[in-house]
Every structure is written in C-alpha cells, then in structure tokens.
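S.K.: Read top to bottom, the protein sequences are chains C and R. Taking our numbering, the leading residue of the first sequence gets 1, the next gets one more, and so forth. Taking our numbering, the leading residue of the second sequence gets 1, the next gets one more, and so forth.
To be clear, the hints were calculated from the coordinates, so they are not data collected in a lab. Keep in mind that a hint or two might mislead.
To be verified - Derived contacts from chain R toward chain C, CB cut-off under 7 Å, selection only:
# : residue
1 : 42
2 : 43
3 : 46
4 : 99
5 : 102
6 : 104
We put the CB at the ideal spot given by N, CA and C, even for glycine.
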Amino acid sequence: NAGVMQNPRHLVRRRGQEARLRCSPMKGHSHVYWYRQLPEEGLKFMVYLQKENIIDESGMPKERFSAEFPKEGPSILRIQQVVRGDSAAYFCASSPNVVVNSGNTIYFGEGSWLTVV
Amino acid sequence: KNEVEQSPQNLTAQEGEFITINCSYSVGISALHWLQQHPGGGIVSLFMLSSGKKKHGRLIATINIQEKHSSLHITASHPRDSAVYICAVDRYSGGGADGLTFGKGTHLIIQP
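In isolation and in its complexed conformation, chain C is listed as follows (with noise of 0.2 Å):
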C-alpha cells in the first residue's frame, strides 16, 4: 500500500511562472490537505479538500494559489505567477473517510521543494 505521493519532489521556477504540484493521496483516503513550510517557519494549513470539494482553504493566499481534487486523479495545489516568497517546501497529507473531528491518523507526503529563482 503506497504512502501518500506528492511530486515533483523538487521544482524550479522562474518569477512570474506557474507552478503546479501534485499529490495522490493513500489507497482508501479522501481527504486531503495542503501545507506550506516557508525556510525556518513553521508548517502552516493551506486547504482541505475531498473529492471535488474545497471543504476549507482558509489558509490559502486570496490570489494566485488554487487546489483541486477531482473524481479522478491526484490533488493538485497551483501556483500561478510565482513570486519568490513562495519558495517553501509544500506538504500534502491524507487521512481516511471518517467523521470530522474523531481524531483521525494522518500521513504525509516527501513534500515538494518549490524554489523560485
């Protein structure tokens, strides 16, 4: 049973080009969640998703950032025009379908490095 799979691991960018990362979450999971580690801070939530739905994306920037997770295929968190400032290490993790709020056991990804250059 494969973990959670994020890539590409490691992404280069030019300012003002789009970046685009990609999650599969475990067999079985449908929740999916998106976090942002900026250098010497702390993880920070960006959004949750399940399929086809943005359940909260109270952390996401109001511009230029979007997700999505359709019926089919992986998460996807877009970043268009990017700045350097975006340039962190972006997690995704999953857990399964359970209640909200019960508590449930997470996995993460490897992570996506993102530098914008």
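Guided by the hints, dock chain R onto chain C, whose structure is given.
M.R.: Chain R in isolation, oriented as in the chain C frame:
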C-alpha cells in the same frame, strides 16, 4: 501567542541521554500528533494521542488534556534520532475542518 508552543526550540544532547520535548496548546483539540522531520526530508507521524500515554520502541508520548500539555520522551537517545520534532493539534472546530495547527518544532541533535 501561538496556539501551539514547543520547548525547547533547540536541544543538543549526548548519545544515551533521556530526552524530553514539551508541547503546550491553548485551543480545544480532538487529538495531538507528534511528527518527525529529518533535514530536507518528509514528515513522519510518530504518535497520535487523545488521552493517556503511548509507547513505540524508545519513544514515549504522553498527554494531559486538563493541563493542555503533551511530552515526547526518547530513551537511550541515538544520533539517528537527530531531527526536528513537531507537535501538531487537530483542532475541535465544531464541525469545520482546518487540518492541523503546528508548533514551530524542536531541533534535536544527538552527539555520539
């Protein structure tokens, strides 16, 4: 004030020492997680706790819900335990869901 506070921020110890990392939180939670992150690496979930104590190998995690405090202990520490240890809480948000709220992490170095 952060909702999740960890101490110490940095800890250097000798191989074999007993290690304690503390986490205090100020919000209602449904569970608390202890995570491990190696430099440039992914995040591994060590424990998920909602009460009491859990043990896995040389690692022990405890939580006191009334005091809103958790500790992670490492017995017979080894250089391979060197990593960042992160405390994260699953907030009880009354039907909403905003993932985890994280502490800033404790950088642990175990010297041979």
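S.K.: Can you name, in rising order, the numbers of the hints this structure does not satisfy?
M.R.: Of the numbered hints given earlier, the structure breaks just one, which is hint 3.
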